[in-house]
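S.K.: Each protein sequence line maps, in turn, to chains A and B.
Each residue of the first sequence is one higher than the one before, starting from 1 at the first, in the working numbering.
Each residue of the second sequence is one higher than the one before, starting from 1001 at the first, in the working numbering.
Hints in this document: simulated from the structure, not taken from any laboratory.
Watch out, some of these pointers could steer you wrong.
What the hints assert, rightly or not - Okay, derived cross-link-like pairs now, PhoX-like style, lysine-lysine, Cα gap no bigger than 25 Å in a straight line:
1) K223/A / K1077/B
2) K1029/B / K158/A
3) K1029/B / K251/A
4) K223/A / K1029/B
What the hints assert, rightly or not - Here are a few chain B residues that sit away from chain A, every Cβ distance over 12 Å (derived from the structure):
5) V1062
6) R1064
7) K1065
8) K1072
Note that CB positions come from ideal geometry on N, CA and C, so glycine has one too.
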Amino acid sequence: MTKRIVVLGGGTAGTMVANKLARQLSAPIGNKEVEVTLVSNAEKHIYQPGYLYIAFNEKMPEHFVRKEKELVHRNVNLVFDDVVRIDSEANKLVSDKASYPYDYLVVATGSYPDFDSIPGLKEAAHDFYTLEGAIKLRDALASFEGGTILLTVDVPHKCPAAPLEITLMMEDYFARRGIRDRVKIVYTYPINRIHSLEPIARWAEPAFEKRNIIAETFFNLEKIDPERKVAITMDGEEHAFDLLISVPAHKGAPVILNSGIGDETGFIPTDRYTLKMEGSDNIYVIGDATNLPISKAGSTAHYQSETLVPNLISRINGISETAHYNGKVACFLENSLHDASMITFDYTHPPQPATTSELLHWFKGVYNEIYWLNVRGIM
Amino acid sequence: MSEPTVTESVDARGSYCPGPLMELVKTIKSAQVGDVIEILSNDEGSAKDIPVWVKKMKHELVYRKKVNDYWKIAIRKKH
Ligand SMILES: Cc1cc2nc3c(=O)[nH]c(=O)nc-3n(C[C@H](O)[C@H](O)[C@H](O)COP(=O)(O)OP(=O)(O)OC[C@H]3O[C@@H](n4cnc5c(N)ncnc54)[C@H](O)[C@@H]3O)c2cc1C
Chain A
1 MTKRIVVLGG
11 GTAGTMVANK
21 LARQLSAPIG
31 NKEVEVTLVS
41 NAEKHIYQPG
51 YLYIAFNEKM
61 PEHFVRKEKE
71 LVHRNVNLVF
81 DDVVRIDSEA
91 NKLVSDKASY
101 PYDYLVVATG
111 SYPDFDSIPG
121 LKEAAHDFYT
131 LEGAIKLRDA
141 LASFEGGTIL
151 LTVDVPHKCP
161 AAPLEITLMM
171 EDYFARRGIR
181 DRVKIVYTYP
191 INRIHSLEPI
201 ARWAEPAFEK
211 RNIIAETFFN
221 LEKIDPERKV
231 AITMDGEEHA
241 FDLLISVPAH
251 KGAPVILNSG
261 IGDETGFIPT
271 DRYTLKMEGS
281 DNIYVIGDAT
291 NLPISKAGST
301 AHYQSETLVP
311 NLISRINGIS
321 ETAHYNGKVA
331 CFLENSLHDA
341 SMITFDYTHP
351 PQPATTSELL
361 HWFKGVYNEI
371 YWLNVRGIM
Chain B
1001 MSEPTVTESV
1011 DARGSYCPGP
1021 LMELVKTIKS
1031 AQVGDVIEIL
1041 SNDEGSAKDI
1051 PVWVKKMKHE
1061 LVYRKKVNDY
1071 WKIAIRKKH
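Just chain A, same shape as in the assembly (with noise of 0.2 Å):
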């Protein structure tokens, strides 16, 4: 009997393990031992990391989005369908018009910020998180002549560095429009320094103090006045703002809340080292569903796929599971128009932020491109 693999979610995380499945079977595919479907409901694939480069109009939103069928490798089954349940008793996906039944199954369906998270969040604030936001926050700041620019920070978020990559390419970005003296640009973070890890924090500081970038510490977020344009936090303090940049608490995708898999905020329990959902021998779960306690980001969603797909194999083959997954996640750090650092790490080797030059910036271009390839499960 045909074996059936399904992945939920044509993100990153899903389109990266279809396709390096797809090349990896391709003989047993052929001989129709094993059928590899991706359901996803999203035609346009849109890689997330270019909303940076479109709030600082440096790239056009049309840059970062290609049509998903064009991504997916022919040997892969593409449907477009909304699933609205997962029924892991059934082992099947329920979607209003269809089922998809698996013998195993992926789960790839992301991160989203919730703007209801906070009152007066999608009234006033601004946000590089989505594509409209970023186009908006584009026009907003080509058009921003001067005054104080808030931006607050709620969790969990996906890419926990973009918030300080925003603050210090958004700085350069007033100097070189000539004026940098006319905005005041403060960051807020919930905890006791700009950032939760250490090695960042230090490595973002003097930057910060350099370039005159205001940084308010335990800054929780509570509610926001828009007719006032002020923000409130949990000490009752009230913080005034011309233009608000808000990073939303994220919530897992609504088919999870609605199949009863995740915690209450929709991220799916997984064993840190098989990625199998807590309690199932046949789900398994990558990149932003998870609830691993590690960043949401898409280089964390590239390396899962290297424990996920060969045991995945495995399994077909008829062997034990022996690829485990060590918490590996890479990120580059933006600190301006023109330059960059980069961290590595994983569960046991804490991050270093790399010399700060040029060359990483240029990298990071470079990997905007090279993302197509990856996602294809040519890298």
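Assemble chain B with the ligand onto chain A, guided by the hints.
M.R.: Chain B with the ligand alone, transformed into the frame defined by chain A:
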């Protein structure tokens, strides 16, 4: 002294980014007032940072102890 019942335990061992304190900030938001949240962490920095955050945010530190090579830190949500 008997230990309070832990409402939710978060295993943040191996978490460097976003890190155990950010896991706590996240968990405490969705908890009920009075809940006790326990964080497991092998990060020495967090063992110092968590009590500071808890005090500043006016929650309560229930315990902080080292077990083998990791920390067990429990917090009661006060408001
Ligand atoms: C501003 C910004 C900057 C970033 N910078 C970086 C960076 O520098 N480096 C880095 O590594 N990462 C970065 N990231 C993070 C990275 O983009 C994400 O972590 C990555 O996309 C996660 O991949 P994923 O496949 O888990 O989720 P996604 O790529 O979000 O994909 C989820 C997919 O699931 C599909 N889906 C969801 N629900 C259903 C359903 N019910 N039915 C069918 N399909 C469904 C969606 O359509 C989507 O295609 C950044 C993100 C942002 C927003």
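S.K.: Next, verify each hint and record whether it holds.
M.R.: Now the hints, each set against the structure:
1. At roughly 20 Å between alpha-carbon atoms, K223/A and K1077/B fall within 25 Å of each other, so this suggested pair holds.
2. Of the pairs offered as hints, the one joining K1029/B and K158/A holds, with about 17 Å between alpha carbons and a cut-off of 25 Å not exceeded.
3. Between the alpha carbons of K1029/B and K251/A the distance comes to roughly 13 Å, so the proposed pair stays at or under 25 Å and holds.
4. Restraint check for K223/A and K1029/B: the C-alpha separation of about 14 Å stays at or below 25 Å, so the hint holds.
5. Separation of V1062/B from chain A is adequate, the least Cβ-Cβ distance of about 19 Å exceeding the 12 Å criterion.
6. For R1064/B, the condition that its CB be more than 12 Å from all CB atoms of chain A holds, with the nearest at approximately 16 Å.
7. With a closest Cβ-Cβ approach of about 20 Å to chain A, K1065/B is found to remain outside the 12 Å limit, as its non-interface label requires.
8. Distance to chain A confirms K1072/B as a non-interface residue, since its nearest Cβ pair spans about 15 Å, more than 12 Å.
When each numbered hint is compared with the structure, no violation occurs for any of them.
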